[in-house]
Amino acid sequence: MAGLDYFEVECTEDGSDNYNKIATTVLQDHNLLSIVEGLHIYIDPAYPLFVATGFIRPPRSAIKISDVGNVLIQDNQATIAVGDETYLAAMLKMLWLKLGHDNVDQPDRFTVIIKNVAIPKNLRDWVVIDPTQSLFKDLIYAIQVIAPEGFKVRRENYGKNRFSFAASENTIPAEVVDKIIADRFAKMEEALK
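For reference, each letter of the sequence shown is one residue, going 0 to 192 in numbering that gives the first Met the number 0.
Please keep in mind that the hints were generated in silico from the structure rather than gathered at the bench. Values in this document were obtained by computation on a predicted structure and should not be read as measured data. Using N, Cα and C, we set each Cβ at its ideal position, and we do this for glycine too. Take these hints with a grain of salt, some might be off.
Derived CB-CB ranges, DEER-like [unchecked claim]:
| no. | residue 1 | residue 2 | range |
| --- | --- | --- | --- |
| 1 | V152 | A89 | 28 to 38 Å |
| 2 | R59 | A190 | 20 to 30 Å |
| 3 | E84 | E174 | 27 to 37 Å |
| 4 | N30 | P106 | 29 to 39 Å |
Could you put the whole structure together from the sequences, leaning on the hints where they help?
Here's what the structure looks like:
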C-alpha cells in the first residue's frame, strides 16, 4: 500500500484481497497513511479471529501558541499576532477554557488580545493541539472499521511506536492472541530491517 513500508493481510481462507482493499481505503479515508509505518492483518474465519498489529511513525510535535503567532506581553496584556490561521480556532477555544471568554478578545482575524487576567510567563509554550492525544483513538477507530462486524470481544494495546487490536465473536484466550501478536510483530520487524 502506498505510504506504508510494510503491509500484509494474512487470511487462512480466501478473502485477503478484499481485506487488502478495505484496509487501504479506510487508512486513506482516515488520513492515517502518513502515520502508520507498517500494518499486518491476520484473519482466521474458523475461530473467528481478527488481529491487526502495526508500527507507527513518530507523530508531529505539539502545536504551541508560539507556532500560531508571535506573542507580545506588555502592560498586563498579551497580544498574539496570528501568523498561521490553521490552528486559530483551537487556540481560541483553549484560551477561553483556561482564561475565560471575557478575558480573550479577537478584534480582527490576525489579532488576539488577552487582558484583565494575570498573563502566564509561559503563555508562548501553551499547547494548542497535541496530535498524540487523538492518535490512538483514530487508529483504533480505523481498525474497528476494517474488522468484521459483530466482533464484540476486543483487546486493544498501544505503546511507544506500536499498536495491536484483536477482536472475535468469542472469548479470546490471552496466550493465543499474545503469540499471534508477537509473531506478527517479529515478522514486521524482520521485513522492516
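Go through the numbered hints given earlier and state which of them the structure violates, listing their numbers in rising order.
Hint 3 is the one this structure does not satisfy, whereas the remaining hints hold.
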